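Chain by chain, the residues run as shown.
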Amino acid sequence: MSKKLQTDSELIIEILNGSQAAMEILVRRHYESVFAYVYRQTGDYHAALDVTQDIFIKMMKGLSTYREREKFKSWLFRIAVNCCRDSFRCTSARTAREVELEANFSDGQSNIWDIFSKSTEREHIKDALDSLPEFQKEVVLLRFYHDLKLKEIADIIGSGEATVKSRLYQALDKLKKHLLAGEGELSENKKPRLKP
Amino acid sequence: MKTKNPGSNHKKIIIDTEMTRLETLLNRYNISAVPHQQIERTVESLRQYVPKKQSLWNRQAERLADVLSTARQDAPFFSWGYWLAGIVLFSVGYWIITAADSHVYAIMLLIAPIPFILGLLELFKGRDTGMTEMEMSCKLSLREVILARVVVIGAYGVLLNTLLSVFIYYSQPGAYLWQLTLIWLTPFTFISAIALYIAQKVKSGYAVAFFLVTWTAAIILVQMAGFMVFLQTVNTWAHLLITFFSVIVLIYETCKMTDKYLLTTERWSHCESGS
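First to last, the sequence lines map onto chains B and R. Those letters in the first sequence? Residues 80 to 275, per the working numbering, in order. Those letters in the second sequence? Residues 18 to 292, per the working numbering, in order.
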């Protein structure tokens, strides 16, 4: 007999009643999704881990203010979006030297992770996404990688649905130019070169 | 990743094939799984933020205090007609009993469950007027509001019936408070339980009208057929047994009703967790 999967709200009630196990389940359920959003936003493995941890700390601190009427995923992503915005402000203030130092001291695990993540095609898509302004990029990420509806995205980023639609359109137009225009060029590069 | 178009207007600029190609490309920017140890580290760092476990007794006491506090806040939003109807009904009941000097049990039996039945109109006001969505957007969850309203209408019914019993006890020589209490408590809980069940199935206005008519007709028939004397001689344990089961049904129906509203607001949570 299969055990009924607890809903997020049920887990939250248990957490507020002091259940460590419920907290573990809730965090594990959403960790990958939140991390993926943050990583695509920051593009930095270590920074993404730190920001993800901050997001979950903020989630735990604000859990008593969560109301059942809202989808938990949307509530959590609102925290994630705000944390990423704050993180951007901090990151832009950091010097290139600091970033370089951090890169030199990165552990082996993250290097392997980075090697995997740096395939040419992925880099190309990443560059295209990075070329978008922050407010357009977050809409694209929430819509295409996290399966959220326009209304939900509007609630998360605190804008109107029409604004979200417009940002999404502008972003897709830019991505089209960036990714699809370069496709022919990309396939040309993939052709084996003949030795002179 | 699912195929989706951002909006119908956008199709004019980004054609479907381009959209599909874009989606395919974006889909290739996948993120590999985070090492298990990293998630563990986060979980460990979050343990300090989990509230300390409370005993079951403390938890229930806290929950009860919350419901009572919500009930106190919600009571002023009840229609004044509801409060007035209860007071008028019981005043008239008391006047008939003292003036006519008879039918004490019949009158008490008749009016005992009416405050709760009328309260159903207030309980389901949001649902019947299509305001549930708006109530959901309030600071309190609909579940808390519904529970609080059940407490308010239940408490109002108990208060009116108790006051009537006390007044009759002091004004009518030979009346027993214990017997008077049993006379109102049994129909109050029994009819309230059935009414709450029915009101969830149909519009509360219909349920209230149905109960007012059938209950009044039933009491008149009982009175005419001479069964009132029989009812007064029913064993105390039978009264208590009916009351006990009625209270169980009332609690069950209240829980079922609040769970229904919880499920309504949690549709998304069910979807996202895949259950």
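To be clear, the hints were calculated from the coordinates, so they are not data collected in a lab. It should be emphasised that the depicted structure is a prediction, and the values quoted were computed from it without experimental measurement. Incorrect hints may appear among the rest.
What the hints assert, rightly or not - As a list, the in silico EDC-like pairs of lysine to aspartate or glutamate whose alpha-carbon atoms are at most 16 Å apart:
| # | chain 1 | residue 1 | chain 2 | residue 2 |
| --- | --- | --- | --- | --- |
| 1 | B | K137 | R | E61 |
| 2 | B | K255 | R | E35 |
| 3 | B | K255 | R | D33 |
| 4 | B | K137 | B | E89 |
| 5 | B | K137 | B | D123 |
Given pair status - D123 of chain B, K137 of chain B, alpha carbons within 16 Å: Violated, at roughly 21 Å.
Pairwise hint evaluation, E89 of chain B against K137 of chain B, where the allowed Cα distance is 16 Å at most: Violated: K137 of chain B and E89 of chain B sit about 19 Å apart, past 16 Å.
Distance restraint between K137 of chain B and E61 of chain R, which requires alpha-carbon spacing of 16 Å or less: holds, 15 Å
Pairwise hint evaluation, D33 of chain R against K255 of chain B, where the allowed Cα distance is 16 Å at most: holds, 12 Å
16 Å Cα cutoff - pair K255 of chain B, E35 of chain R: holds, 7 Å
Violated hints for the displayed structure, listed by number in ascending order: 4, 5.
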